[in-house]
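Residue numbers for the sequence shown follow the UniProt record's numbering, beginning at 1 and rising by one.
Be aware that one or more of the hints could be misleading.
Label pairs and their calculated CB-CB ranges [stated by the list, open to error]:
hint, residue 1, residue 2, range
1, 224, 203, 15 to 25 Å
2, 19, 256, 39 to 49 Å
3, 206, 84, 27 to 37 Å
4, 228, 128, 24 to 34 Å
5, 116, 271, 34 to 44 Å
6, 206, 91, 33 to 43 Å
The calculated lysine-lysine pairs, modelled on DSSO-like cross-linking and capped at a C-alpha distance of 30 Å, are [unchecked claim]:
hint, residue 1, residue 2
7, 240, 269
8, 255, 269
9, 266, 276
10, 246, 89
11, 89, 71
Calculated directly from the structure, the hints in this document are not laboratory data.
Beta carbons are placed, not taken as given, at the ideal position from N, Cα and C, and that holds for glycine.
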Amino acid sequence: MESSLEYSELWSDCLPTDILGLISSRLVGGEYFVFRAVCKRWRTAPLKPPHPSLRVHDDDSPSPYLVTLRKKTGTVEFFHPMYNEVTHKKNIAILKGCRIRSAKGSWLLMSQGNHGMFFFNPHSNGIIELPNLLEEIGNYCCAWTFSSPPDSLDCFVVGFDFYGSPPLVCIIKVGDSTWKFHRPFNTQESFQLTGCNNPVFFEKNSVYVWGDEGNLGILNINENSSPTWEFYGKPFPSQKLSLIRKVYTAEDVDKGGMLVVFLTHKEGKVEVWRYKMMNESVLEREQITSLDDRTLFETNKSGNLRARLSVHVT
Numbered sequence: 001m002e003s004s005l006e007y008s009e010l011w012s013d014c015l016p017t018d019i020l021g022l023i024s025s026r027l028v029g030g031e032y033f034v035f036r037a038v039c040k041r042w043r044t045a046p047l048k049p050p051h052p053s054l055r056v057h058d059d060d061s062p063s064p065y066l067v068t069l070r071k072k073t074g075t076v077e078f079f080h081p082m083y084n085e086v087t088h089k090k091n092i093a094i095l096k097g098c099r100i101r102s103a104k105g106s107w108l109l110m111s112q113g114n115h116g117m118f119f120f121n122p123h124s125n126g127i128i129e130l131p132n133l134l135e136e137i138g139n140y141c142c143a144w145t146f147s148s149p150p151d152s153l154d155c156f157v158v159g160f161d162f163y164g165s166p167p168l169v170c171i172i173k174v175g176d177s178t179w180k181f182h183r184p185f186n187t188q189e190s191f192q193l194t195g196c197n198n199p200v201f202f203e204k205n206s207v208y209v210w211g212d213e214g215n216l217g218i219l220n221i222n223e224n225s226s227p228t229w230e231f232y233g234k235p236f237p238s239q240k241l242s243l244i245r246k247v248y249t250a251e252d253v254d255k256g257g258m259l260v261v262f263l264t265h266k267e268g269k270v271e272v273w274r275y276k277m278m279n280e281s282v283l284e285r286e287q288i289t290s291l292d293d294r295t296l297f298e299t300n301k302s303g304n305l306r307a308r309l310s311v312h313v314t
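Based on the sequences and whatever the hints tell you, model everything.
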């Protein structure tokens, strides 16, 4: 472009504001910062997040929506973490009094009252019912997960109680009529999970759970028999544990294993560790300082690691 061309005549200065906003709504992470660096006009263009109807909880989306349920009203809010904005709300009467327990793909695992459990799809409003939990057990599990979307084959739902070492586990395969409850006895292992609310379900029906002392519990689901526990890693020093305020987990798809995010009592201090089984009996725990051009999105109910994005922890 000729150097004598006036700024006002630049093609980049002639695009309508609404078009610039539409373009920016399709960009994520580093792409958006490159867009802003083109010129002053593009830098000041209004930021318009994409409507959630385009890709709500799409596993292929580089930036998932975070869903909040207002329990008293049944209002579902869609929050876009890259734009720091609630982009859409839906009032769904059936969700009044419910809680989100876990999330995978487009599906949310919900609880209702002391015994009700079901799946809900906030994109299609689809519902898949589950049998009620037993009266004597109730919905006291602190952590839930499920293996795959409930409309697929072989979806298992697993809940973990607060108490026990290891804790009571409730399991159902979607399509079955009753829950199965398992409380291990006579174990020599010390393992509790009051601080982690989102276990990670891996292939081959294995669930990775972060223990309160920093060790790893792996629950192996056997369809025709009782589940079995395996425990790995030594406890963290008490001084280390005293610094941890909140724990989140996510599957590390590319490198294997599980990412564990520690929010500490020091303001703004976050640590990310990788837990990976090196062989059948050795657990490697490594603190990492980079996510290798990926972004980690975390809530109490699920964790997602996305590629092709600037590195930061949300």
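Name the hints, by number, that the structure is in violation of. Going through the list in order, the structure violates no hint and respects every one.
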